[in-house]
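As they're listed, the protein sequences go chains A and B.
Its first residue numbered 1, the first sequence is counted upward by one per residue in my numbering.
Its first residue numbered 1001, the second sequence is counted upward by one per residue in my numbering.
Bear in mind the hints are in silico, worked out from the structure with no lab data behind them.
One or more hints might be untrue.
Taking lysine-lysine and the BS3-like style, the derived pairs with C-alpha atoms no more than 27 angstroms apart in a straight line are [said to hold, decoys possible]: (1) A:Lys51 with B:Lys1040; (2) B:Lys1341 with B:Lys1549; (3) A:Lys37 with B:Lys1040; (4) A:Lys37 with B:Lys1034; (5) B:Lys1034 with A:Lys55.
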Amino acid sequence: MPKLSMSMTEGELAEWLVPDGAEVTEGQVIYTVESDKSTQEVEAPASGVLKQVGKVGETYAVGDTLGEIG
Amino acid sequence: MATHSLDIGISASTLLEIYRQIARIHEVDDAVRKGLSGGKFVFTYWPLTGQEAIPATLSTLLTDDDYMVTTYRGLHDLVGKGVPLRGLFAEMLGRQDGVNKGKGGSPHVSHPEVGAMLTTGIVGAGAPIANGLALAAQMRGERRVTVVNFGDGATSIGAVHEALNMAGVWKLPIIFMCQNNLIGEYTRIPKYTASESFVDRATALGFHGERVNGNDPVEFHRAMSRIVADVRDGKGPYFVEAMTLRLGNHSGLSDNVYFTSGELEEGRKKWPVSATRALLLESGLASESELEAIEQAARDEVADAIEFALASPVTPASDRYNDLFADESVVPRRGSYPVRKDKAAPTGGETAKMNLVEAVRDAHDVALGLDKSVYLLGEDIGEPAGGLFKTSLGLGAKYGDDRVRNTPIAEQAIIGCGIGSALVGMRPVAEIMFNDFVGVCLDQLSNHAGKQRYMSGGATTVPMTVRTICAGGVGGLGAQHSQSLEAWLLHSPGIKVVYPSTPIDAKGLLLSAIFDEDPVVFIEGMAIMYSIKEQVPSGDYRIPLGVAKVRREGTDLTLITYGAFVSRTLAIAEELANEGISVEVIDLRSLMPIDYHRVLTSVKKTGRAVVVHLATEFCGLGAEIAATINEELFRDLKAPATRVGADYLPIAYSADIERAQVPGPDSIKARIREIMNF
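Next comes chain B alone, as it looks inside the complex:
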């Protein structure tokens, strides 16, 4: 160490550590570029060149206990957070020894051991999830800071706005790190925004923001020391606009032609890799040989990582079905129809008469009482409303606003928050008021909740429950409040779907969902929210997911259904019995996992099958079930397995049209008679 050094406002050891991280990031970047251009690596790369100083500086202020979320252009963030380079390179190359078993790849790295919780390939989608990480830390009274990295381009997307607003209202310990590299993919400021400062987005939402030079480690370190300390001390969220410049292209190795050559030349002059090196030398804080030793160590570390990664086997196809769900047998596969044991609700104990709303509320109460990691969040669910359908009425008073949490009207923020908190072991129960609103947060559900276990190779999981109401088949709610959208959810791998038909089941299934290790969407049919009342056992009981129930035995035809159509079709079965048709009614109860074993066993006996659901018939679950029955039991069938669902139309306001659109007693009976006379 040089003995005569200038005081530049940072200690020599800190600036040297920042440079050590800059050097590591640079060597990783350089090695990826060389590997790609030489053909040794084949993957998509989103260059970080020019932005090295931001995570390098943060690395000196954060620990492994602090959480970090980043984006596909986040290799620098991952290196800076401490993801081991061997596992990182192996991941980028899709190898077995990758930190995520080669299933995520460079845009989806997670390594919770060092707090690198999630990398998203969807612009801006990390912000709502980061809120959940911060909320978990806040609720547990921990002093962790969450940093969510995103580019300036992400400030345009709704998810970021929703997340900023939620963080502001809940004073979350989070830093929104906007790495402003002056360009959103291929479009520059001011072509995509009229805003002159992204900091204003935070101040407009009631919290602090600051623009800092992210390419100057000394200035950046000074500002971030203060900001990290404030956020750690519970002073609320902070928005940092870290000014930088993306020297590379949006993706790949081709030249960045979106800045002028003068701008790029200026940018290269201020490139933190060479600028920080020069600063260390000029200020006398380090000698040439010290810097060379740091650079050589980084090169050696990267060379070792690449050698390790290339020696690791490509993750084999035989590993493909694990890491989607906690239990591999849940993955639907032709010919795989596992037998799951049923577990009935307890009998003989204390009971209370409840409708489905009361049963759901009771399940919430039991879960909140059992486990401190359970909390509820959603629009109007806390005091005083207790939820649109009163499914949490009184629970806010009993467990506090913290655990029965009103949210802004912002579905992406709600689901993202649930995901983030679930990543660190909370058990959120999020409410999306109507099933149709799932469309507002489908990216969070499908791309993040459903895929995270798989993308992280099992390194992280999302034990979250999402409850939602399907109001169709009741009448009067129209096209945007009436859909039954289970098929959307079932088409997206990794999401379990439960659709109860009775109060007893609703309680037992919801408790199973809340304590399940995978994300579960729980759909409640409005048509049966109040109409069915039964004696529901008190206390904790669980009805297993993936176990269908024969609700009525029969010999001529198996009717497979779920939700509100269970009670409706049971009534139809009684009427058909008078015509001499004996219908067996199967209630699926959960759609993922699906109980093909009980369905196929029943249809083998009856030789006929009709699936009935409220959802659109075209491309609905009924088509899938009918196809499986037809394939598996072709020789046992007396008629083709078929399905009855809603017309391929938006639900109309006209009561006459709605009645005609959705399956009713007449259309269901007509289809059953057709099949009986096939």
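Chain A with its partners taken away, still in its complex shape:
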């Protein structure tokens, strides 16, 4: 869960925009986070195969793992 604003300590994984196991490229928007009443798109930090870890609708603390790209 990225820290997207000064006041953010946790966020809700709103939606996965790519399926589990899909090939993603760095910079591609792969999921959205809802925090502080706004929804943010988050880009893949690297290229590779996405393994989803986080569940949609769950709230995670900043720093928690939402997925792995390998």
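We have chain A; now place chain B onto it with these hints.
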């Protein structure tokens, strides 16, 4: 390089260098965004996106010798000033190899090697400090220029106004770089100001200002070349309103929803990163491959910096006590009570009879004579007044207005100026007329003077002295001129506090304070400014900070005090001796460092302790000392250690109320008798 280029009013090499800096800033911004969104980095970011051209252009006009101050939204300024990216990324990640050992982080970067002197997290607070840097350069006859960056939002804060006024009156070699990104945090113009131009703030204060397009490197470079040259030539300060647009949010990565989508779209079209690139190509000043090489070099530099930063260890907890003071043992810690050697004032030499005012004046005279970096500043301290209490009378005539400097009535500007000059090795002695006025400049004292050594990981220090009068306990000065506020200062890490009780001590302690490597607040009790006269040694002598003195030996009870209450409690001790109570009186002399060693040694002997101070008893220093005594000597005590201070009330004008509010002979004796009969 293309051979057929248009003349657009800037040389190809300059514009290419500006673009090289823009590219570096952009790659840093981009990497931070990616690192944050990917979860690799976790820190607070204040995006600079859209403002890249301002520091990139300035980088071609300034050198490492020029000073720069910026704010938490200042990553672009730091990159442009030349802070090495490895140390910068390591700092943002709180790592050991950060330029500030990971103790400051992104909002508090300093790297004096390249003139990046201070980054503040407090809006507008950099402006008074930048004045001090500029003053140091001016006093030393150097041709350095100081640039202080702040946003349009900072124009609303008093510190900026105070700094502008001081810079104007002293014609300081400083550029106030207002990066007008059209929004103050989350509130837009004109919701927070009715001003149509921030430049007017400078013209109202008697110096020049100019609005320039900060997003157009060609126009900005043309204007800034002239302005930097003028300021360097001593033509006085300059206010630049650099028009730009903040494309990102106030903090973090979420969208900027405070501008309309049309405004943002327009802003993105004029984004200096792509606009400068396009200009270079269209004008034929650079080829596509040249630009790609610049961009690749920036990407490589950033990638290397991130790899370096991530490999650097997180600054360990074991490093936490260093870099607060020059001497780590000064940091108060449970169980750590260092033994410091006393050094008495010299005897047998030449002396003169002085009261405390004269002793302070003599200390000033000695310090000014010893070291050219010492200067005094404060309200009315120069000629002709010589200070409200005459503590610098005649020194202005002897050392000149430059070194005994009258200031505007502006405490933030005074303390900020002291801090800035101290950052570059001056030894300012600032006067804040009354202790109560410390509240007016507490941000400068607490957030900046006290914390700067720590936030910079020891890269910068603030050897400044602040003298102030505590007028309480005299009567007739009321609620706003009578407080003894040492507890405020002691509660804020990094500030030393000295509170002398005699003329001999005042001189020796003040000289130690002036030549100390840390900020020291020196509180003079008005009650003893004139009443105690003694033979004070001539010349230079230093009484060490952090060494308490047993003023009267006793066996039944230790009375711990400081300032005006030393002489008062010594008289009380004589009276109690007639009742058969033997009181040992300890004068702390300095409160930070505090001499717990001598306090605990005495109380171990007597088994009883009472702390007496003029300051409010509730949450006062007495409570802290009593708690330490009770913890450390529980088994040796015949009664709990306790304290006597003022009532938790503003000081009243009524003489009857004031007498009852503050500790007096009756209340002190009563508490001592209670403890003796516990």
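Going down the list of hints, with the structure as the test:
{"no.": "1", "hint": "A:Lys51 with B:Lys1040", "verdict": "17 angstroms, holds"}
{"no.": "2", "hint": "B:Lys1341 with B:Lys1549", "verdict": "11 angstroms, holds"}
{"no.": "3", "hint": "A:Lys37 with B:Lys1040", "verdict": "24 angstroms, holds"}
{"no.": "4", "hint": "A:Lys37 with B:Lys1034", "verdict": "22 angstroms, holds"}
{"no.": "5", "hint": "B:Lys1034 with A:Lys55", "verdict": "22 angstroms, holds"}
Consistency with the previously given hints is maintained throughout, with no hint failing.
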